[in-house]
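Colleague: Can you make the complete structure from the sequences, with help from the hints?
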Amino acid sequence: MVAHLLRLKITLLRNSLRRSPWQLLGLIIGGLYAVGIAGFFGVALVLLRTAELELAQTVVVLGGSAAFLGWAIVPVVASSADMTLDPARFTTAAVPMPQLLAGLALGGLIGIPGIATALVALATVGTWGRGIPAVLAAILGAVLGVMTCVVLSKVVTTATAGLASSRRFKDVSALAFMVPLMFMGPLAAFVAQGASGSAGFLADLARVLAWTPAGAAWSLGGDAAAGNYGPAVLKLLIALATLAGLAWCWKALLQRALVTPPYTAGGKKRAGRMGLFGVMPATPTGAIAARALTYWLRDPRYSGSLVVIPLLPVLLFFQASQTGDYGVLAITGPLAAFLLAWSISADVSYDNTAFALHLSSGVRGVHDRLGRALACLAFALPIVLVFSIGPFFFTGDWEWLPSLLGLSLGVLFTGLGLASVISARYTVAVPLPGDSPFKKPPGNVAQTMAVQFGGMGVLLVLVLPEVVLFVAQSVTGSMVPGWINLVLGPVLGLALFVAGVRLGGKWLDARGPELLAQLAVNR
Amino acid sequence: MTEPQPGPDPSAGPQQHPVPALAIRGLAKRFGGKIAVDGISLDVPAGSFYGIVGPNGAGKTTTLSMATGLLRPDFGTALVHGVDVWARPLEAKKLMGILTDGVRLFDRLTGEQLVSYAGLLRGMDKDVVSARVAELLAALDLSADAGTLVVDYSAGMTKKIALASALIHAPRLLVLDEPFESVDPVSAANIRDILDRYVESGGTVIVSSHVMDLVQRMCDHVAVVAAGRVLAAGTVEEVRAGASLEDRFVQLVGGRSQTEGLEWLRTF
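Sequences listed follow chains A and B, in order. Letter by letter, the first sequence follows residues 335 to 857 of the numbering used here. Letter by letter, the second sequence follows residues 67 to 334 of the numbering used here.
If you are wondering where the hints come from, they were derived from the structure by calculation, not from laboratory data. We put the beta carbon where it would ideally sit given N, CA and C, even for glycine. Check before you lean on any hint, since a few could be wrong.
Unchecked claim - Derived DEER-like restraints, expressed as beta-carbon distance ranges:
#, chain 1, residue 1, chain 2, residue 2, range
1, A, Leu346, B, Gln317, 33 to 41 Å
2, B, Lys100, A, Leu346, 17 to 25 Å
3, B, Asp193, A, Ser655, 50 to 58 Å
4, B, Val194, A, Ile446, 52 to 60 Å
5, B, Asp191, A, Thr729, 49 to 57 Å
6, B, Asp207, A, Phe652, 51 to 59 Å
7, B, Asp193, A, Thr729, 49 to 57 Å
8, A, Ile344, B, Ser267, 53 to 61 Å
9, A, Ile344, B, Lys100, 42 to 50 Å
10, A, Thr729, B, Arg154, 52 to 60 Å
11, A, Leu828, B, Trp152, 58 to 66 Å
12, B, Ala307, A, Arg590, 55 to 63 Å
13, B, Gly268, A, Leu828, 45 to 53 Å
Claimed, not checked - If you want the ones that stay clear, here's a sample from chain B, every Cβ over 12 Å from chain A, calculated:
#, residue
14, Thr166
15, Leu171
16, Tyr183
17, Pro251
18, Ala254
19, Ala293
Modeller: Below you can see the structure in the form of structure tokens.
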């Protein structure tokens with residue numbers, strides 16, 4: 335039965351690759367990336383063999399604890415738990431519970447993260463190649479550690495699966511996780527600073543973690559190598575108890591999940607709340623703008639990017655306060671302009687097959703393009719203006735304001751025009767409607783990256799005049815290029831905006847059915 | 067292939083047009099190595115209630131997608147009231163209301179917003195839209211959930227809201243792909259009433275379905291499609307030729323396996 339489940343998992347993986355060569359390419363790229371990372375860590379761990387015992391132990395325990403944490407957090411944050419072997423699908427198959435657990439746990443190892451973790455864990459055996467007891471302990475620790483990771487992630491996903499089936503929880507949690515994720519960089523920098531301040535800090539941390547469920551299994555090899563057999567046995571007991579406890583939790587949760595079908599509650603709401611549709615003009619363009627704006631507010635895939643925007647100056651301010659160079663704040667405006675304009679470059683991909691309504695209604699391409707672009711512009715323009723002018727209250731070098739304003743507006747309008755063209759012609763892999771903003775459908779990674787980077791390259795060329803004028807001011811020190819930029823940016827940007835909307839509209843009229851067919855592949 | 071039989075139908079009322087509501091000419095589509103639709107030609111007379119029946123994977127949805135301008139055919143074309151769907155798409159789409167099977171809706175809108183959106187996309191007047199939306203939602207028994215997001219609707223309600231979106235602009239031709247799937251019997255009866263009255267007043271309805279009984283009771287014309295071809299087409303009376311439509315369908319399509327074997331199923 336366990337073998338059956340594993341074979342099923344492999345068959346599912348293989349069949350998903352048969353859908354298109356892009357899927358295969360995506361897996362290969364993901365695989366190469368993982369091989370690179372795993373190879374790097376693996377080689378590093380083997381090289382640690384000659385390092386000081388204390389150092390090696392610190393690295394292995396901290397790394398193992400990080401893996402433990404990662405397997406617990408990533409599936410929830412990304413809502414990307416691999417649900418190909420969703421236990422709910424086995425409800426009617428009457429698989430005995432022990433076999434089901436073993437099969438699902440081993441199945442969790444098949445896939446890029448599982449294999450990568452297992453390989454890196456096995457590399458720790460190389461680290462502890464300092465004697466028979468150490469090697470044996472390291473093997474035991476690696477197997478226990480990896481199994482603990484997998485079972486932990488199963489516990490977490492099973493526990494949150496009930497919550498996650500409620501749409502409101504999914505919407506809110508996706509947004510809530512966005513914030514800590516944004517501050518990950520500065521936080522890591524902060525920790526790194528603290529760590530470099532006191533060299534003993536990390537070693538102390540590792541020593542403590544080794545006595546907790548997170549690091550116990552990973553510390554076995556090091557303790558055996560050091561000859562501390564007493565603590566090693568105690569830590570082995572901790573690791574075994576952890577695994578057993580987690581497995582028991584998982585079993586209990588699974589038993590409950592198998593007899594509790596997902597249930598969605600929702601109150602009835604009467605008519606009369608037309609929202610933005612009541613505000614916008616009653617034309618196709620107005621309706622499309624109202625729809626797009628409604629989605630910016632209601633769909634976490636869109637509102638996720640809106641949450642990021644206000645954090646942008648905070649992040650840059652944090653950065654600036656560390657280096658003491660507040661000049662970096664000036665890029666807030668152009669950066670926000672770029673992010674906001676670029677956010678609609680995958681607009682049709684976000685629609686998914688709902689785009690069929692536009693096609694079957696005979697909406698003209700220009701109306702479609704303009705409606706979406708105007709919806710974005712409605713909030714992007716004020717944001718970009720505030721972000722472009724705001725930083726000068728901190729820096730005070732107002733002579734840069736005209737040039738920067740020209741650059742920001744140029745980027746915003748040009749970006750919206752270019753995005754209107756791109757989303758009319760190319761689809762990219764985006765989370766499906768109703769999925770978490772972090773979740774990417776597998777495959778199509780290669781095409782997505784080609785479209786995204788190609789598009790950004792074109793955008794860079796298109797805004798080159800504004801950039802050149804900006805640079806000219808810094809070289810010559812004269813205000814003249816700045817004032818020219820203030821005029822040129824919006825004028826050139828608007829011209830490209832109009833051209834982009836027109837061209838995108840024309841392409842949409844000509845290739846609407848082909849676009850829908852591309853979208854249907856990622857349904 | 068059987069000749070399509072577009073001949074005038076005396077029961078279809080006085081609004082009979084000489085130009086068919088939908089004329090499909092040699093539509094064909096290939097997906098990779100698989101031929102999904104293999105040269106289908108059909109005439110749907112104006113004012114008829116036309117059923118398209120066929121087994122799963124017969125090419126019904128693909129044919130209707132090509133006939134309504136959603137999927138570009140490899141060969142052939144389709145004319146809606148004489149307007150070529152692929153040469154003058156915007157004009158042809160004005161004449162049609164389409165319920166597509168298996169596509170998503172803009173489901174983060176409320177039901178009311180979604181139907182209004184469909185109307186406004188067609189360039190309709192705001193007041194007309196809001197009056198029609200209220201009537202449609204009442205007729206389809208969705209008034210109580212008008213303000214609920216479509217994503218929180220049940221499957222049947224979703225089908226009904228999609229139908230309302232297809233009706234909002236009072237099209238001359240309605241193309242409905244599996245309109246009764248997962249719709250409860252009461253709502254189905256309401257929908258049938260709406261469609262019957264629509265046909266009585268001169269509109270044309272095309273439905274695809276695999277519920278033979280429903281098609282026999284509801285439609286006046288029927289086409290049997292299998293493996294991408296038309297096996298029979300004409301009035302329901304002509305096609306069923308005295309037998310029930312279901313028996314005739316099984317006879318035409320074949321593939322009914324002998325009920326021998328599976329003896330073990332009776333041994334428990």
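Colleague: Next step is simple, just say for each hint if it's right about the structure.
Modeller: Comparing the hints with the structure gives:
1. A/Leu346 x B/Gln317: 33 to 41 Å: The hint (33 to 41 Å, Cβ to Cβ) holds, given that leucine 346 of chain A and glutamine 317 of chain B are roughly 39 Å apart.
2. B/Lys100 x A/Leu346: 17 to 25 Å: holds, 22 Å
3. B/Asp193 x A/Ser655: 50 to 58 Å: Taking Cβ atoms as reference, aspartate 193 of chain B and serine 655 of chain A lie about 56 Å apart, which means the hint holds.
4. B/Val194 x A/Ile446: 52 to 60 Å: holds, 54 Å
5. B/Asp191 x A/Thr729: 49 to 57 Å: holds, 52 Å
6. B/Asp207 x A/Phe652: 51 to 59 Å: holds, 55 Å
7. B/Asp193 x A/Thr729: 49 to 57 Å: About 53 Å separates the Cβ atoms of aspartate 193 of chain B and threonine 729 of chain A, which means 49 to 57 Å holds.
8. A/Ile344 x B/Ser267: 53 to 61 Å: holds, 58 Å
9. A/Ile344 x B/Lys100: 42 to 50 Å: violated, 26 Å
10. A/Thr729 x B/Arg154: 52 to 60 Å: holds, 58 Å
11. A/Leu828 x B/Trp152: 58 to 66 Å: violated, 35 Å
12. B/Ala307 x A/Arg590: 55 to 63 Å: holds, 57 Å
13. B/Gly268 x A/Leu828: 45 to 53 Å: holds, 49 Å
14. Thr166: Its Cβ does come within 12 Å of chain A, the nearest being 5 Å, so this is violated.
15. Leu171: violated, 6 Å
16. Tyr183: violated, 6 Å
17. Pro251: Proline 251 of chain B is indeed farther than 12 Å from all Cβ atoms of chain A, at 21 Å.
18. Ala254: Correct as stated: the minimum Cβ-Cβ distance to chain A is 21 Å, above 12 Å.
19. Ala293: Nearest chain A Cβ is 22 Å from alanine 293 of chain B, so the label holds.
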